[in-house]
Structure formats: structure tokens, C-alpha cells
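Q: Protein chains in written order, with my numbering: chain G, 1 to 218; chain B, 1001 to 1272; chain S, 2001 to 2243; chain H, 3001 to 3239.
Derived from the structure by calculation, the hints contain no laboratory data. On a predicted model such as this, the values are computed, not experimentally measured, just so you know. Keep in mind that the hints are not guaranteed to be accurate.
[Unchecked claim] Taking lysine to any residue and the SDA-like style, the derived pairs with C-alpha atoms no more than 25 Å apart in a straight line are: (1) Lys209(G) / Arg3118(H); (2) Lys47(G) / Gln2056(S); (3) Lys47(G) / Gly2014(S); (4) Lys2108(S) / Thr126(G); (5) Lys1147(B) / Arg3086(H); (6) Lys1061(B) / Thr126(G); (7) Lys1205(B) / Arg3086(H); (8) Lys209(G) / Ile3083(H); (9) Lys1205(B) / Tyr3082(H); (10) Lys2105(S) / Arg114(G); (11) Lys1205(B) / Ile3083(H); (12) Lys1205(B) / Val49(G); (13) Lys1230(B) / Arg3086(H); (14) Lys47(G) / Gln2070(S); (15) Lys2054(S) / Val49(G); (16) Lys2108(S) / Arg50(G).
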Amino acid sequence: MIRSFGWESVEFLIRGAGWTLLLSFMTFVIGGCFALIFALLRTLGPKPVRLAIAGFIQLVQATPLLIIVFLSFYGLSFVGLHFPPMVGAGLSLAVYTTVFLGDIWRGCIEAIPRQQWEAADALALTRMQQLRYVILPQAFKISLGPTVGFMVQIVKNTSVVALIGFVELTRAGQLLNNMTFQPFHVFLTVAAIYFAICYPMSFLSERLKGNRHVRPAH
Amino acid sequence: MNWFSKLRSAALATTFAVTAATLVAVPAKAQTLNEITEKGKVTIGVLTGIPPYDTVDASGKTAGFLVDLANDVAKNLGVKAEIVPVNNASRAAALESGRVDMLIAHMTATPERARTFLMTNPYGAYEMRFVARKDMPLKKLDDLAGKRVSVPKGSTQDAAVSGFGIKGLEVVRFDDDALAMQALISGQVDATAAVAAVANDVIKKSNLADIEVKSDVPIFTLYWSMAVRKNATELHHWLNNYIYYSEVSGSLGTLHQKWVGIPIPGGKLPTF
Amino acid sequence: MSALHINEIQKYFGALLVLDGVSLDIAQSEVVAVIGRSGSGKSTMLRCINGLEKIQAGSIEVAGHRIGPQGGDLRSLRKEVGMVFQSYNLFPHLTVLENVTLAPKVVKGVGREEAEAIAHDVLRRVGLAEKSGAYSDELSGGQQQRVAIARSLAMQPKVMLFDEVTSALDPELTGEVLKTMEELADAGMTMVLVTHEMGFARQVADRTVFMHKGKVWEQGPSEELFSYPQTPELRNFIAPNLK
Amino acid sequence: MAYQMNFAPVMALAPQLFEGAFNTLILSGQSIVAGIAIGVVGAVGRTEGPRWLDRAIGAYVELFRNTPLLVQLFLIFFGLPYIGLRLSANAAAIIAVALNLGAYSTEILRAGLQAIPRTQIEAGLALGMSRLQVVRYVVIVPALRIIYPALTGQLTLTLLGSSIASAISATELTAAGARIESTTFRSLETFLCVAVIYIAMTFTFRFIYWLIGLLLFRRKAPPKPSLIADISEISRVGV
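If we strip away everything but chain G, and leave its shape as in the complex, we get (with noise of 0.2 Å):
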């Protein structure tokens, strides 16, 4: 057992950030599949659809991760429906993730100019080749800088299910705080691991964005 802050705790910390790491990793893809949808559909789906799923993202977008968590997570139980946890909370930090990254990724397609639709149109493209060939490479390009920058995000706040018994990296902070008592090591030492991780991928983001061949309309 862990006593005072040392080696140890470092593995026990790193341990932790394994953990954050995966859950992000789940996250995102889970989250970006189903954001990959609601950006299509909220582009090209019939005008109800399109509405309900921007009801739908204003509604999450204006309420606390922390209670989005949680109601994802338990409203799932709720109805009857069970998980790991590790599963559960990929799938409630999903939900997030999917009115977000949604969001970004409509925009990038949005931010491709009309005429590039019309002109795949006038070649006579149907409306999947168009988003196939012409659109979406052009979107996704576009898309990186913004993801990337995103996925940050993602890092830092799977810190919250932390709420629902899952020890990831900050909660990993906690506990070890419970037993140490030194918070000023052990968050310090949690918060450059954060940045370790973050930062090249910020970097990595700004980097991204001056993408060539491909200019977002104005």
C-alpha cells in the first residue's frame, strides 16, 4: 500500500493515465461514428430529421459534462440497459462526443463551397459519389486541425467519470491524494502527465490547419 509520495505512486498515476488513454480512445471512435451520422444527416437529411438532431445537440451542449455523464450513464441502467464500466462510460462520454465532434464536422462540411457539389453535379455524380469523392476528402482534410484539437478535449474530460466509479487518471489523483496527503505532488505530477499527452496533440492541431489544396469557404 501507498503510503507517501514516491516511485510508486508514479506507476500507480501512469497506471491511471493508461486508462484515461483508452477510455479516450473508445470514446472518440464510438463518438465519431455516430457524429460522422449526425453530420450527414444534419447536412442532407429530410428537414424533421435535421431539426430534431440540432434540438437534439443544443439540448446536450447547454448542460454540464458532469450531468450529461451521469444521466447518459444511469439513464442506460434505467431503462434496463447494462454495461461494464468501462463500456458505460465510453458510452456516456459518446454522447458528448457525438454532439461536438458533430457539430465540427458539419461545419467542415458546410465549409465546403456550394459550387463544389454543383460542379460534381453537373458531372453527373449521384449525391453519395458526390460526398464520397468530391466532398467529404475535401471536409476531412479540412476536418484534422479541428479533430485533433478536439480530441484534446476528450482527454481532459474523461476526467469526469471519475463520478461514476471508474479510475482513470484523475481520479487516480484522488485516490492517491486520499492516501497521501500531498497534493501538491500528486497533482502536479497528474497534471504534467495531462500535458504530456495534450500538448503534442495541440501542437499537432495548429499544425494541421494551414492544410494545402483545400480552402474552407469564406
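Start from chain G and add chains B, S and H according to the hints.
A: Using the frame of chain G, we list chains B, S and H on its own:
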């Protein structure tokens, strides 16, 4: 230009996996002993993160009084235990929503809470005491007038300290016991209302020479109950029976002694 | 037999009537220039021809396909009607070669080698054979517009529509694009071009159509129309251009 | 078994929720004023100041944007006393949220400053305006217009992000919710109520931002009320 179909199949696979997980994950909520036996396991929400009642090792594995107790409950039910760590903020939701079948989570049975859950006879107790710096005089409650006192949010300490009606006393609430204690150690508050065993453990392990548990102002002894959902009356009865038997057989006391280092405070456990 | 037959079409933008019963008949291999002030409906008419805009009344028959107010089989129509835009609209994430081969491959299902052979052929025709590996932001405006023309040509269309294709270009770059178009006209392509280049219309188009207030106001063989405008509106329109 | 909702025990304690909501407004209001002030200083420092200042502010921005607010809060509240700086829970929460917002708003405001073309500034100077006048009459409104969606989005995130402060202080809305939940054990009902109050506050603010935008930019179509309208600003927003 293969990526599009890859993406499509990835999306499909995820949808499929999520659906599959949904279908697999359904049977969890058990209400009767039969249901638990059929399921072959009982899911128990256990409060974690409060030494010395429990510890976490470097790999993140939890062990402690409540975990051992939960495992013993499962053993006596003749099924496997699935331990779900909960905290103050999530324990009620975990039980209410059916994520867990019961809670062993340091909960005091208040009439208000008992309107929502069935609370069992107590399986343990804690002595609540004020903890403060050695140089702070604390002989009677009124010595706390104008002081800042930290408590775990929504705990019975919270209710008690807020209810004393001491003039000018400011109650500062934190997420859990450890943060409330932390606030005292780092000097943000003048005192904390804490579980005596927890406070003594912290003082000993962290060599906090200038802090002590004030023994002149005993606040009270509060008992902990397990909780089950309203309609799980059979399980509730069984748990009362279990608690009675483990107390008289001595196994409960042994377990408490092993982790906390003292007998269960307050002598014989009450029943209701 | 006419290659393009427009019959009494009407087009509204909201409550605004922008095409007010336009009819036009264009023969095989004919080159028709459409002129008029901005807002006269000339670009809208062109966009109606390949279904980028819906019409509310009348009908259009082009290359054997029919569009009415209910729409029509736009997909197969567009396979045979090429369109070039004012703002080029090249796909910036694709190379010149990929821009040109995309539609043949995806729409017609032509194999890669064959599509590339076609692409090299049309790129040679627009004088850009050596630029096939470039991206659009590495080309001048004139070059981009010629690639756009090649991109349409690669679909081997029966009719080509040009929507003010030189308006966004610097004067010194319009020449190369006009030359390409002239070569196309000489090769017998049926072409409809909305243009501000009066000189070019007069010289290359077999016929010129003057549109005004959503109607075909006046039309005739180019030389005749420009030399002897009948209506005061056309006279007013071309007068400053002739200086 | 269908779950039976019972809001009565929560409703009995509703005044606590409203008090919490009020405290959330106070807490985030103070943090926003301080955070925007930091952002203005940071943005001007980064664009106009010497290279070392740009570097220093850049380091601050990256440190705060790449670590979670909760950890920042813990460090400020529990860590600073170890170097002799002791803060009350509310003060620590305001400072943490303000520093966090300051980092994000520095970048947002900087983007606004950089988005104004040099030619606009030169045109102002050529008309004989002073540098300050150029900023006042030429730069501010268009710059604000460009970043308005990102900035208001960030303010909304700040309002919502202040819920993190519930970990150390007990006065804002999420904390009030947690207390009620602990007393009544009606968790779903409590947090649904909390969510509704947050949503109501957020929508009210969005409406106010929209009105301000309308007045400020005198346009029929003000910037979209969506959190993220301009994709080039997306990755600058967060908590």
C-alpha cells in the same frame, strides 16, 4: 479510394458491436434471492477511496473492510460477488437504476433516505469527531463559533454540523471525506468533522504532528446500513439475518479489527 | 434534329419570376452565345438546362433527355451535357489528372487506364498535357478553366454549357480559354455560352441570343444581330461594348 | 419494472437549487470578467509585445489548455497552501475558472486581432487617425464580429464548466444538486432538475448574446447562436 467503404464498414461494425453489447448486457437487476441465485452473482456497490476502510494498490485494485464484507455477503448467498466502486455522488443512482443489487457504502439510515430505499440493520458504525489543530481550544461546541468547518458533502456530518446552530459557523462542503480532511491539513478550514478512525489513520500515516482529534466534544456515533431497492423485501430480510449472524459469530468484528485496527465503535450494534 | 429544345420554361426564385416563358431551339453542332445584363436570366437558363435549377413550367429536351417541372432523369442527362462554371470549381484535393478521370471512372465505370487515356487526350486538346500531376492551386486561372473544360470533355458530352467562363479571369488569360473554346466549336461541338465577350460571341457563335427581363428579347445570326440590332434594349446594351 | 419518478422530495428542496443557480451565476460572472481581462492582456501582449512576452504568455496558454480544469482547481486550492498561499474555496474556484478562460480567450481574441487585414489598419492611419482611434473605430467591431461565435461559445462553456467547482466548494448549482441527492437519494430526479436549470440559463445567455450581437453589429443576421459556428475557431474553444 477505399477509405469510404472502410469507414462504412467500421461504422457498421461499431453499430453492430454496440447493439450486441446491449443485448448481452441486459440481465443485471435482481430483486429476489431466487433471481440472484439464478444469475449466479450479486452486484454490490461499495464505497471506495477512504483509508483505512479500504486501500488501493498500485494496480488500482481495491481492498478493504467493505470489499471483504461484500465478498462475504456473496459467499453466504452462495453466489459470486461483483464489486462496483461507487462514491457519495453516485451510490444512490447506482442502486436506483439497477446497476447494483445492493449498496454497502457507509450510509446512515435517515428517515428521509429510507423513503427511497430499504435500509438494513447496521453492520458497523463510526464515531464522528471534530479534528483541528492542537493549539485550537475545543472544549465545547460554542468554541466553534465563527470558525470554518469542512464536511463531506451531503454526509451525516454535514447534516449534523449544519444542525447544531452554532453562531457564525461556516460549513464548507467537499466531495468526500479525504478532501474535507485535506482542507484542514492545507489550512483552508479551522476544523473538520470526520470519522475518528479515518482521522487517526491520516494523522498517524502522514505524521501530522500539529493536528489532533478533539475528544472533549463527542458528536455522536452513527451506524451504517446496507441498502436495497424498495421492493427487494426478501433480500432485505436476508441481509438483516446475515448481519445479525455475523455479529454474534464474531466475524464482523474480526473484519473491522483487521482493517480499521479497532473494534466496531459503540458496542453492540442496534437493530430496528 | 435539334440538339437542345427549350419550350416555354418558367422559373421562379420565391415570388420573383426570373425566366418568363423562354423558348430556344439549338441545332446539332451549333454554337449559340447568350448575352444580356446581369439579372436578365441568362445564367439561370443555362443552369436549368442541366437541372441545377428546377423549372416551374415548360420543358427542356437536351440530347434526347427531357426535363419538366417534375424534373427528369438528370443523371443520364448530365452524362451527355457538360458544364463549365465561371469559378472553375476544380476539385482542389485532386490532381489535374484525377479531376479529369473522376467522372468517367465513377459515373461511367470506365477502367483506370482507359480513363487516363481519355484524360491525356482531352488535356492535350486544351493544351495542358504536361500539367496532369499538378493541383489546382498550382495553376493560373486560365489553366484552371481549361482543366475544367477538359474535365467536362472527358465525359464526351453531346452538348457543352459555358457559364461566363472568362469573367473571373485577368484579361491576358481570357485569350487562352477563348482559343480552347474556339477549337471546340471548330471541332463541331454543340455549345451554349453565356458570355460578356461580345467580340468573341460575334466571331465564334453561329447565333446570338439577347435576353432581357427573363425573356428571349432578340436573336439572330451573330453578325446580323450585332450589326443591326432591332430593339432599343439591345442597342443600348451593345452600344458601349462596341467602342 | 418501470421506474417511478418522484419529484416531490426534490421540489421540497428547490430553493437550494435556485440558490445554487444564483451562486453559479455569481461565480461564473466573476470568472468571466477576470478571464476576459486576462484574455485581452494576453492577446495584446502576444501580438504587440516583445518576443519573450509572447513566449511567456504562450506557455501559460498551453499549460492551461492542455490540463483539465479539475486538476487546475485542485492544484490551486490544495497545492498553493504548500507554498504559503491560502485561498477560500470560492476564491480558488473563481481564480481557476478565470485562469482557464483567460488561456482560451487569449487565443480567441488574438485570432480576432490577427484576422483584421493590415490594409484596414493602414487605411485608418492614412486618414490621420491615431493608433488608438484605429483600434477603437476600425479594429474592434470587425474583430469582435469574427470571433463572436467562438467567444460566446467559450463563455457558455465557462458557465457549464463552473460545475467542476462543486468538487471543492458547496455553493454552486451542481453542488446543491449533489447535496439534495444525498439527502433524498432521488438521484435521477435531482440531476434532471439540475440539467433543466443549466439548460434554461444557457439558453437565456445565448439569447442575450444574440441580442448583444444584434446591437453591436447592426445586422439582420447576427452570428449564429450555435456553440461552434466558425470551424477555424473550433479547436480554440474548451475548458
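Q: Could you check the structure against the hints above and give me the numbers of any it violates, in ascending order?
A: 6, 8, 12, 13, 16
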